[in-house]
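Q: Protein chains in written order, with our numbering: chain A, 455 to 1098; chain B, 455 to 1098.
Hints were generated in silico from the structure; no laboratory data involved.
Heads up, a few of these hints could be off.
Pairs involving identical chains hold if they fit within one copy or between any two copies, as the list cannot separate such chains.
What the hints assert, rightly or not - Within a straight-line C-alpha distance of at most 20 Å, the following computed DMTMM-like cross-link-like pairs (lysine to aspartate or glutamate) qualify:
1. K1049 / D521
2. K1049 / E638
3. K995 / E782
4. K948 / E638
5. K847 / E763
6. K948 / E506
There are 2 protein chains.
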Amino acid sequence: MPLGQRAGDKSDSRYCGVEVLDFPAGDGLPAVLSHSLSSAFDFLLAPLVDPEYRPTPGAVLPVAASDLILSPSQWSSHIVGKISEWIDLDSEDEQLRLDSELTLKQEIAWASHLSLQACVLPPPRRSTCANYARVVNNILQGLTNMQLWLRIPLEKKESMDEDHVITDIVDSWEWWNSFRLLCEHSSQLYVALDILSSLPSMNSLGRWFGEPVRAAILQTDAFLTNARGYPCLSKRHQTLLTGFFNHSVQVIISGRSNHNDSQVSEGVLGSDENHTEDAHTRHALSPYLDYIAYLYQRIDPLPEQERFEINYRDFLQSPLQPLMDNLEAQTYETFEKDTVKYTQYQRAIAKALVDKVPDNEVPTTRTVLMVVGAGRGPLVRASLQAGEETGRKLKVYAVEKNPNAVITLHSLIKLEGWESMVTIISSDMRCWDAPEKADILVSELLGSFGDNELSPECLDGAQRFLKPDGISIPSSYTSFIQPVTASKLHNDIKAHKDIAHFETAYVVKLHRVARLAPPQEVFSFSHPNFSPKATNERYTKLQFELPQDTGSCLVHGFAGYFDAVLYKDVHLGIEPNTCTPNMFSWFPIFFPLRKPIYVPSESPIDVHFWRCCAATKVWYEWALMAPSPSPIHNSNGRSYWVGL
Amino acid sequence: MPLGQRAGDKSDSRYCGVEVLDFPAGDGLPAVLSHSLSSAFDFLLAPLVDPEYRPTPGAVLPVAASDLILSPSQWSSHIVGKISEWIDLDSEDEQLRLDSELTLKQEIAWASHLSLQACVLPPPRRSTCANYARVVNNILQGLTNMQLWLRIPLEKKESMDEDHVITDIVDSWEWWNSFRLLCEHSSQLYVALDILSSLPSMNSLGRWFGEPVRAAILQTDAFLTNARGYPCLSKRHQTLLTGFFNHSVQVIISGRSNHNDSQVSEGVLGSDENHTEDAHTRHALSPYLDYIAYLYQRIDPLPEQERFEINYRDFLQSPLQPLMDNLEAQTYETFEKDTVKYTQYQRAIAKALVDKVPDNEVPTTRTVLMVVGAGRGPLVRASLQAGEETGRKLKVYAVEKNPNAVITLHSLIKLEGWESMVTIISSDMRCWDAPEKADILVSELLGSFGDNELSPECLDGAQRFLKPDGISIPSSYTSFIQPVTASKLHNDIKAHKDIAHFETAYVVKLHRVARLAPPQEVFSFSHPNFSPKATNERYTKLQFELPQDTGSCLVHGFAGYFDAVLYKDVHLGIEPNTCTPNMFSWFPIFFPLRKPIYVPSESPIDVHFWRCCAATKVWYEWALMAPSPSPIHNSNGRSYWVGL
């Protein structure tokens, strides 16, 4: 039974499991399952094989229950397999190591036979787990559907000597990182985090949101007791759980009950004492489940925009090529719905009109305003509304290169009765021969990374018909990047099995991503720019310092954003710290790294970005210099470019 | 004119060039060239474009000489282009940076037009050379034949404070490493090393022998003066140059003459003073060339075995699969020529016979000796000779699975009249049903890595017919590995553009390789091994520590060897420290890394090797754990295995 109903949440985080600690001997598994399900748990994390078993030639595997004891759908929907915890593949004891390898393979083969969705692997026992990783990697090569969740205790501890010098760091993220590097970022390898009573710092926890965490195994020892004797969690644990709920991570409750359950029905208490697993008995861990359900139901519902965008989460899209290709009606339709964006434009245009035309000149002045890239007309409408709002008279030219959009523009103007105010020009702004010069040039040619849809090149062409004291709206824009952990995106790109996809920037609604350092500015452009030496090539070196308490991390690439100054204090953008609320026209951009880079704790990340221009195309190149040099990505724009 | 005649040396190191320091204005290049060639230099390192030039729209490139001034073959055989040294692509001065980019591209384009074989790029000016590398990388993408040689001063210096704590390290290898990583190990990018008067430690110099060094530019300042006033080099410089001569590195002499040349012919000295470049004038740097030629002629001629193997240098071969495939006559022919190997076998067999049969039992004892894998009979011969030498009587069974070799065996025995002593068995030793048990089992089933041709599996099968106190020759063998820099091998593997070739071990005559640490033992096998728990699976973890003065380096993979104990103190092997002299049956093996790993100075290298066995195949897996984890190579033997 799901933890609750939360509008828009269709993710697995609605489901809560319980770990079966003791091996259910003598076909006890169906009883445990039905008791747990009737107590509102959704699934079991259950041992599949008697932990006393050691491989013996000819022996039959002593399983918890044969495949006939539960139905196929029960096995696959309600059981996550728990691999025997005695397994130790990096033991110095060769016999134990060989027994472990054989047993692990047998148990996984059995779980596959049962069509389980996932098995939980016991945590690595020491920091060097090469042989464990090797055997799991071997197994992963042959798995078709089943996932393996590597159990990792969520801990990061520093030992200090008497002078408070750090002498040793235990950071379980490092175990995970070694393991998945050895397993080549297998897309079937996930993490199950054991949540303990103490938690590392928020910055170090944040790393996990970019990792493939499938389950949070919440230990009963991690709970506190509230005034009424019920289990509850610390504020920091609550925050972490909210994060998990928002990132499709399922909770599994584990451990012995530390809290008496006063709600146990009295009638049953007096019954047959040998029958403790009676289906009518309330589950010993129910109070913990109740609390988790309470937390789940308490979190804010998804905002409408989030719900609208939920299917785009972590879905990689190629950026538009609006200059080379003509947009489709559907694309215009979507973007025109972004009222916030056009409101900002209207405010900026209004301010510019007031600055351009003092009150005393209003009756005698008609401002020439050109909308370049008018599309189906939303900026024409915003301009006219700004004129009306400020009482300034306008002469508007609407320049649009897409002949299909021009057709719509003509009908719009007729429909609205704007014929006297608006002239439609069916032309590319870069080659239009304007009959007069403009006071104000309005455009919206921005991509997720600001200049990536070639706004600079277009406006360089259009500023020919802007008066020397004319205003460009936007007047400037700046791109930003920040390093991220994004294992999901990395694996999706890797699936293409080529280099070109790792040298392409993607538009993507970032979700399962750890943002590791605040964004920094990359490239800036100002308009108009009449300098004869002006170039749209750029070269920027950035250094990112991660918060000291983050620990080490893996960087899969860089998230990119933009912020545009439309006019004076009116801006528009998606840079997380200053983003315009409720605007949905732009998702972030993602620049991947061909090989994810390990960043040791407190090491800076040095990255270089180039914007390169040639006769027919514009492209970016990027490279890491620290912690170690990467290849130059997208050399000569060989993999990704924007056509002029 | 080559530096001298050295038997077997067909490499470029026979040729010596000279650097042209001043721009040869006014078509002076042909005169400089003819003067240098007549002075016994082989080629010029010459500027192609006036260094005063800065890009100007519409300007004609002020070249040293148009393509018509020299013949096409003169351009390509005698001129290495020197790119202008003012070029600074990482300047903070944007104008200089943009001018540099344009000029570099123009000069390379001009050099390509002239069909030069190579151009020398000026050294990076600072440790961060990202933009320089980016532009060179762009150029490399479009180059078809020409090589680019990046000039790097050969230096490694440590600055210390008053407490002798190292505060700063300048290691020019790091510049090269960053540059080539940014350029993705381009196979057209090489190094030209500037040799200065002081040299770094031998361990740090050794790294360069695994790097693609094409030229050593020897500065006249690096020369000393001998008692007679002539230039000479320090012992360490001489050793380095000998290394270069042996690794196909060409010398280029550069700088102003610091030595008077008493051999200048007097008649010319008195001639027209304005005509200093007269063809009859001896070249100012001739004394340096004479000394280099003297060094070249003084080095030892190549040993016969080296000359025989010269075409195999750094040539990757797939290891034999003698179990799955039958060897060809040509292969037997080659291996049978290795007399050293069979002499060692004869010595070992003789010792074993003497131990087995005390002198007093000689008349009554006939020792049963089985040669398993008899091939065309060389070990049969060695056995019979050992019997003769020690006076021990033998009954020999020659077991061979290759029916073609068996045919040859039959004729050999008839030819030699061995019919009474030798019984030929046409069978796989793993399934032969022997009529009696053997006292001595002789085999030679070893690969370059010892067990890699499945000697353990074959002898496990054969030991069924060895007496409990019987002797196996060999009695044991051990494999060894050591980390190496081997950029040539890496690039050859990379050319296949797949992962499988990076997960394959190769047999290769290692030449342009830097051996970074002494070899260590990997796997050992002893025969016979009658333990019921015996397995041929192995797992070994090794840690390599590089000498402290090496500095950082790049590891492309591991060189592998073996050593076998034939009997008691008679051994056979290719492990460099103990290798059997003049034996040519085995080249080393090479285990590549999919991605070369940067090893910071004084960091250990942790590598894990597995030998894995399944029903039909045996394979290795390997992975790095430190300095950082690599993927598990060859998981499940997916790329490389040996068939049973």
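Q: Hint by hint, note whether the structure agrees.
A: Each hint, compared with the structure:
1. For the identical chains of this complex, K1049 and D521 are neighbours neither inside a copy (42 Å) nor across copies (44 Å), given an alpha-carbon limit of 20 Å.
2. In the homo-oligomer, the alpha carbons of K1049 and E638 lie at most 20 Å apart both inside one protomer (11 Å) and across protomers (12 Å), since each shortest distance falls under that limit.
3. Proximity of K995 and E782 under a CA criterion of 20 Å is satisfied in neither setting, with 37 Å inside one chain copy and 60 Å between copies.
4. Both within a single protomer and between protomers do K948 and E638 lie at most 20 Å apart by alpha-carbon distance, with minima of 11 Å and 19 Å respectively.
5. In this assembly of identical chains, K847 and E763 lie within 20 Å of each other by CA distance neither inside one copy nor across copies; the values are 39 Å within and 89 Å between.
6. For a Cα distance limit of 20 Å, the shortest separation of K948 from E506 qualifies neither inside one copy, at 41 Å, nor across copies, at 49 Å.
This entry does not satisfy hints 1, 3, 5, 6, going by the numbered hints stated previously.
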